[in-house]
Amino acid sequence: MPLELIRPSDWNLPLFVHVLGAIVLVGSMFALVLLALGSRRGSNAAMFARLAFRSTLLVVLPAFIVMRAGAAWIESREYPSGAGEPGWLGVGFAVADPGVLVVLILIVLGWRSVKAGGGGWAATAVTVISGLYLVALGVAMFAMSAKPT
Amino acid sequence: MTTYGWLLFLHITGAFCFLGGAVTAAVINLAAQTRERPSEVAALMRTTQVVVIVVGVGSIMTLVFGLWLVHDVGYGYGDGWIVAALILWAVAAALGGAGGKRERETRFLAERLAAEGDAPSAELHSRMRDPATLAMSYGAGVALLVVLVLMIWKPGAG
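Residue numbers (my numbering), protein chains in the order written: chain A, 1 to 149; chain B, 1 to 158.
If we strip away everything but chain B, and leave its shape as in the complex, we get:
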């Protein structure tokens, strides 16, 4: 198999971990929003801990092997679609990281409430639907979707 084949496989594996992991987190977070008991919310949000690792590894793989591919194929690092993808990668990582941090705080709240009687809580209910957190998480998803569009259409590539 060629170097290009290996690099593309590793780059796409990273993309599947990054984007697929974001889908996994979204499915579980949406599921958690349907629950009211803190112990159930906490149990669901705990399952996303492994997803965070997958997303993190995937994000690094896409960047490292993506840049390596640019070199191997002979694209320019300054090509518009590559610069745009790099900016959007950084935006997605920043938004996803910030949203993830807020969701971790929500999990800590759910765990505390579960230990204190496990009664439904208005605070937990509103935290689960916090517009800023949701905007960060879904904003990261939209940025990644645009990166995928750029990777397939490669506008301006020779």
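So that you can see chain A by itself, here it is in the shape it has in the complex:
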């Protein structure tokens, strides 16, 4: 049995909170990409822009907070002194920490897109940034799950 499968039982709850937050973050970011794509053009662009903005505020932001809080919680259990942290953990934080800025930028751009009634540069920017961050989350997931040395 691989050694990484053996973990103290009091790590389970923080790990669950982190993973659940990450799953909802990935799912809601994917929804945001789809809604933002719809907000770029067409007769329903304004509706898609409003729903993309609301989704960012009501789902993406809370999910990000839960994911990041869960990450800090499980890190405090696994590496209480901060010493000996593996490289894959650094990859996770390299994606998660700038994420707060990314989410805030998405909120501002989403609001701008709503004000513009959809379409325009703001809708395109939300689409591109949310798509790129979804890819970055995939990279973090690879590092977190495969734990490459």
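Simulated from the structure, these hints should not be mistaken for laboratory data.
Remember, predicted model here, so these are calculated numbers, not experimental data.
You may find that some hints are simply not true.
As the list claims (entries may be wrong) - Simulated DEER-style distance windows between Cβ atoms:
1) Leu13/A to Tyr77/B: 49 to 55 Å
2) Trp68/B to Pro98/A: 32 to 38 Å
3) Pro131/B to Leu132/A: 37 to 43 Å
4) Pro120/B to Ala69/A: 38 to 44 Å
5) Leu13/A to Leu134/B: 42 to 48 Å
6) Asp130/B to Ala69/A: 33 to 39 Å
Ideal Cβ placement from N, Cα and C applies to all residues, glycine included.
Position chain B against the provided structure of chain A, taking the given hints into account.
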């Protein structure tokens, strides 16, 4: 990287597609429930077509790589938490599939109404909030959440 590392990555990727896709579908369906014009409902529900593919691929990946992991790690296929997870996986797939089929019929109704004048419809309004459809979709979500709990706590695993 070890075989275990690759298998775990592919299993977790599947889980993120399966559960994350369910979250995506829920967000878009909840958004659709706030709309009254059939063309808007139809446009939103059309965006979930790609999500259905992601969820389907994810569900297969979780099962295939999950079973492979059981073999690779040396767990027993008859362990209680694995049997429970397999049953709940099947329940989630069945409920999600049935709920998805009903939602597809609702999309067809929305598209037809959109083509016939795009006036708000009481039938579409009630279909969007049909308790049986919602119970199936959210029931699938709850089953998947319990699977996630089982995967992390692994009750009874040696």
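Status of each hint after checking the structure:
{"no.": "1", "hint": "Leu13/A to Tyr77/B: 49 to 55 Å", "result": "violated, 27 Å"}
{"no.": "2", "hint": "Trp68/B to Pro98/A: 32 to 38 Å", "result": "holds, 34 Å"}
{"no.": "3", "hint": "Pro131/B to Leu132/A: 37 to 43 Å", "result": "holds, 39 Å"}
{"no.": "4", "hint": "Pro120/B to Ala69/A: 38 to 44 Å", "result": "holds, 41 Å"}
{"no.": "5", "hint": "Leu13/A to Leu134/B: 42 to 48 Å", "result": "violated, 29 Å"}
{"no.": "6", "hint": "Asp130/B to Ala69/A: 33 to 39 Å", "result": "holds, 36 Å"}
Hint compliance for this structure: hints 1, 5 are not met, and every other hint is.
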